[in-house]
Amino acid sequence: MHAMDEIALVTTEGVSANRVDDPAHVVTARPDSKKAKLAKKYQKTPLAFYQALALGALLLILILVCVAVETWRNTSRINDSTKPHSKEDEAYHLLIVEQVNSQNNATWKARYNKFASRAEEASATGGDTDTARLIMKEFFNVDDSQLLQDTVTHVDDLKKVHKAIPKTFDVRRAWPQCWAVHQIFNQAGCGSCWSVAATSVMSDRVCISSNGTVQTQISALDLTSCCLSCGGCQGTHWALSAFTYWKEHGIVSGGAFGSHEGCRPYTFEPSCGAPCGSSLYRKERTPRCERQCQSLFHRAYDQDLVRG
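The sequence shown begins at 1 in this note's numbering and counts up one residue at a time.
Since the hints were derived computationally from the structure, they do not count as laboratory data. Please note that a few of the clues may not be correct.
[What the hints assert, rightly or not] Only pairs whose alpha carbons sit at most 25 angstroms apart, straight line, appear in this in silico DSS-like list of lysine-lysine:
1. 87 <-> 109
2. 87 <-> 114
3. 109 <-> 167
[Stated by the list, open to error] Derived Cβ-Cβ restraints for the label pairs, each shown as a range:
4. 96 <-> 300: 44 to 54 angstroms
5. 300 <-> 179: 21 to 31 angstroms
6. 159 <-> 107: 22 to 32 angstroms
7. 288 <-> 68: 22 to 32 angstroms
Remember, it's a predicted structure, so these values are computed and weren't measured experimentally. For glycine and all other residues, C-beta sits at the position ideal for the given N, C-alpha and C.
Please put together the full structure from these sequences, using the hints given.
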């Protein structure tokens, strides 16, 4: 008998071997009213409700699996193929650290960097300036005048200027009103150093030339994804091409990852370490060029373009 069942005593007229017409008490089980109501409630619940509930649970599990796979793909599979320093290299760099820190008038402290001297290794784009120039000529059909533009003339003009160079110069103190010069951009798991550096310079120059009245952060994402002749997340062969693209086509605004600032903010999350594994930059991770602004921005893509 169930613990929740109710007990009822019922008087009956029974016949026994010894006495006739003697009333007897028979114990019977009365159905549980609460259980009956609950069963009736479930009978009224339509099948579609349970189907929708199961579908929602399945969708939630699918979303969680996708998030876990994406997190694992962006972090766990990073393979840093950078070789550690040899004992001789380590001793050499530790000696430099000791020499710097032994100076009494030093205003900063040096520290051993296990990634030092890695520029001697083969880069993701591979090769020196001459090799890069040949690649640009062959694949993009440009000559030296297009590659260098007014750079040589500008350098020659600078050489003719006779001006005393100050012992120290801090751009943050020279133009404190410019927000861009105070920022350090994180390129994350994308070999867009050329784009991040170029757009940082562009943002600085726009603010400085306007004396702080224009505080536009030029989008590194827009340049990385839309300038086909520049490169992508695998690096660039010719960094000057970024400025050529800026001058001829224009670049929209866009802040750092997670800032939601500007037309096209950066989309690569800085979660691959510091620094990221060198093998990560060789992967095809360049985002698609989308000539439209994020939904939170108040202007259209074409209206937000800034040209050099």
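Residue 288 and residue 68, beta-carbon distance inside 22 to 32 angstroms? holds (24 angstroms)
Hint check for residue 300 and residue 96 - Cβ pair distance inside 44 to 54 angstroms: holds (52 angstroms)
The hint says 21 to 31 angstroms between residue 300 and residue 179; measuring C-beta to C-beta, is that right? holds (24 angstroms)
Between residue 109 and residue 167, does the CA-CA distance stay at or below 25 angstroms? holds (19 angstroms)
Given the hinted pair residue 87 and residue 109, is their alpha-carbon gap at most 25 angstroms? Status holds; Cα separation ~23 angstroms.
Are the Cα atoms of residue 87 and residue 114 separated by 25 angstroms or less? Holds, at about 12 angstroms.
Using the C-beta atoms of residue 159 and residue 107, is the stated range 22 to 32 angstroms upheld? holds (31 angstroms)
Checked against the numbered hints listed earlier, the structure breaks none of them; every hint is satisfied.
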